[in-house]
Amino acid sequence: MSDHTADATFDHTVTSLAAALQNGDASSRELTTDYLKRIERAEPTLNSFISVTAEQALAAADDADQARADGCAGFLTGVPISLKDIFCTQGVKTTCGSKMLDNFIAPYNATVVDKLAAAGCISLGKTNMDEFAMGSSNETSYYGAVKNPWDSAAVPGGSSGGSAAAVAAGLTPASMGSDTGGSIRQPAAFCGVTGLKPTYGRVSRYGIIAYASSLDQAGPMARTAEDCAHLLGAIAGHDLRDSTSATRGVPDYAAELDAPLAGLKIGLPREYFGDGLDPAVASAVREAVKVYESLGATVRDVSLPHTRYATSAYYVIAPAEASSNLARFDGVRFGHRCEHPEDLIDLYQRSRAEGFGEEVKRRILIGTHTLSEGFFDAYYTKAQKVRRLIRQDFLDAFDQVDVLMGPTSPTPAFDLGAQKDPVSMYLQDIYTIAVNLAGIPGISVPAGMVDGRPVGLQILGSHFAEARLLNVAHRFQQTTDWHQQRPAFAKEIA
Amino acid sequence: MALEQTHVRRAAQLARLDLSDAQALSFVDDLNRILEMVDQLQSVETDDVAPLMHPLDATQRLRADGVTEGNERERFQRLAPATEDGLYLVPRVVE
Numbered sequence: 193m194s195d196h197t198a199d200a201t202f203d204h205t206v207t208s209l210a211a212a213l214q215n216g217d218a219s220s221r222e223l224t225t226d227y228l229k230r231i232e233r234a235e236p237t238l239n240s241f242i243s244v245t246a247e248q249a250l251a252a253a254d255d256a257d258q259a260r261a262d263g264c265a266g267f268l269t270g271v272p273i274s275l276k277d278i279f280c281t282q283g284v285k286t287t288c289g290s291k292m293l294d295n296f297i298a299p300y301n302a303t304v305v306d307k308l309a310a311a312g313c314i315s316l317g318k319t320n321m322d323e324f325a326m327g328s329s330n331e332t333s334y335y336g337a338v339k340n341p342w343d344s345a346a347v348p349g350g351s352s353g354g355s356a357a358a359v360a361a362g363l364t365p366a367s368m369g370s371d372t373g374g375s376i377r378q379p380a381a382f383c384g385v386t387g388l389k390p391t392y393g394r395v396s397r398y399g400i401i402a403y404a405s406s407l408d409q410a411g412p413m414a415r416t417a418e419d420c421a422h423l424l425g426a427i428a429g430h431d432l433r434d435s436t437s438a439t440r441g442v443p444d445y446a447a448e449l450d451a452p453l454a455g456l457k458i459g460l461p462r463e464y465f466g467d468g469l470d471p472a473v474a475s476a477v478r479e480a481v482k483v484y485e486s487l488g489a490t491v492r493d494v495s496l497p498h499t500r501y502a503t504s505a506y507y508v509i510a511p512a513e514a515s516s517n518l519a520r521f522d523g524v525r526f527g528h529r530c531e532h533p534e535d536l537i538d539l540y541q542r543s544r545a546e547g548f549g550e551e552v553k554r555r556i557l558i559g560t561h562t563l564s565e566g567f568f569d570a571y572y573t574k575a576q577k578v579r580r581l582i583r584q585d586f587l588d589a590f591d592q593v594d595v596l597m598g599p600t601s602p603t604p605a606f607d608l609g610a611q612k613d614p615v616s617m618y619l620q621d622i623y624t625i626a627v628n629l630a631g632i633p634g635i636s637v638p639a640g641m642v643d644g645r646p647v648g649l650q651i652l653g654s655h656f657a658e659a660r661l662l663n664v665a666h667r668f669q670q671t672t673d674w675h676q677q678r679p680a681f682a683k684e685i686a
Numbered sequence: 152m153a154l155e156q157t158h159v160r161r162a163a164q165l166a167r168l169d170l171s172d173a174q175a176l177s178f179v180d181d182l183n184r185i186l187e188m189v190d191q192l193q194s195v196e197t198d199d200v201a202p203l204m205h206p207l208d209a210t211q212r213l214r215a216d217g218v219t220e221g222n223e224r225e226r227f228q229r230l231a232p233a234t235e236d237g238l239y240l241v242p243r244v245v246e
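Residue numbers (our numbering), protein chains in the order written: chain S, 193 to 686; chain L, 152 to 246.
Looking at chain S on its own, in the form it has when it is part of the complex (with noise of 0.2 angstroms):
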């Protein structure tokens, strides 16, 4: 591969690139190269990373090739990654898209970022992100809007757009994203890439900069399942620094990725095909479903009555977990801190005021106002108690079928500046917060593209059934293409 592993890498997975690593066609320093200089040439147009690390990212793949000269290597060992800016890494700038952290250098790494590291992966840099993941478009970094590598003029979707955008475009094969309402199958599902949300607890959270403590959740975005299955296994397992990570073995996903559908039971929840779903991808996601039908699957309707609920349990839910956990950035503690302070009130004042974006302060005022006397029981119990009765209904579905399937997101990739109102945005991620209130596992893979933007499709299982959509996603690509088009863009930097 040495000599056009510049032309070669854009079309490569994880999987044939461990292989190539595995056979020798190439070393983890000229891969690494090949996709530092990819980045160079797309970041001008793409903005899909915050900071580029090449200089550690080189040192590190000559540590791989060593450990592969000395027989120690691992399935993973010398891939290049990438990781959203809000993985705390050791000696690195960690901003979470913000103003606040512009000038944070983690002390130490998250536990994905250590697992992954002891995977024998290689960290390129790290990825651009809405500001503290608030939003569905990417629109809310400091460092500015990520483009869509399909349509400059579209969003990548968010807040791991960053990632999303990185994978299609071909400048890492693979990128960790976090998702609180849908952060990494939304913005999958806009850039044409499989990200996998797992079930809450089966990654730790330990050094991700907390959003919502009781919906974030870490997981893998790549060109394909079954590159999701090999990280999944990297990064799973209970972390005694994490005290609501789960206890429960990791099962061998890539193991079971080639198990038969015939027998599959298949549920479309009628909520997500109903009214503000725009036709063509529901079109798109039935042709999925039939795809399925002709693997031996069953498909029924069942009924996930909550749904229309779960939008307004989320903006409480978060929000006040928000604006508690983003207290800790006051200026004295952590962030950024404003210049010639009268008082203390005045420093914590300012220095958030003059850190924090437009998004994150709303959703701060929202959180602050539903927590605040008078109100908590009426908004926070009450949107507690519709979250449990959201995730009674997946429960009871799962009764009757194996896994959902539906629409990623109701439209494709929408412009950039096209939605004003954010309780429009909000809506964008009517089909996906559901799974993180009720914290069950979903993926989104490439299914059909409208209007030369793709579209995804989303499937949902049991609590830790990671392993059965891993397989059921991974099917899906062995029958059809989708999830190997390829934007323009990707090769015209090539």
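It should be emphasised that the hints constitute simulated quantities derived from the structure, not laboratory data. Quick caveat: nothing in here was measured; it's all calculated off a predicted structure. Beta carbons: idealized from backbone N, C-alpha and C, even for Gly. Keep in mind that a hint or two might mislead.
Unchecked claim - Derived Cβ-Cβ restraints for the label pairs, each shown as a range:
#, chain 1, residue 1, chain 2, residue 2, range
1, S, Asp467, L, Thr157, 35 to 43 angstroms
2, L, Gln228, S, Pro471, 58 to 66 angstroms
3, S, Arg440, L, Asp172, 52 to 60 angstroms
As the list claims (entries may be wrong) - Calculated Cβ distances over 12 angstroms to all of chain S for the following chain L residues:
#, residue
4, Val218
5, Asp236
6, Gly237
As the list claims (entries may be wrong) - Here are the simulated EDC-like cross-link-like pairs (lysine to aspartate or glutamate), alpha carbons at most 16 angstroms apart as the crow flies:
#, chain 1, residue 1, chain 2, residue 2
7, S, Lys612, L, Asp180
8, S, Lys612, S, Glu551
9, S, Lys577, L, Asp198
10, S, Lys577, L, Glu196
11, S, Lys291, S, Glu531
With chain S's structure known, arrange chain L on it following the hints.
This is chain L only, laid out in the frame that chain S set:
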């Protein structure tokens, strides 16, 4: 109940967030539309429903109340804007 500018100002004060009059006014409209959406929750019957605080309905695990981390003061202080004699220096706020 519709939110007024005084509610936004109160929330901003609780959140230690400095807002100009113009900003507070613009947030009134945004927050009212968000609360209008959120108010749909009131139509759900939840009298016999317990709040769900953890998506797996799990309780918080506790650990023994013992020291588990070493002293890394020097490493952490290397990242601080200003330190002196092992202490963090912050702006003077009391004259």
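Handout entry: Numbers of the earlier hints that this structure fails to satisfy, in rising order
Key = none
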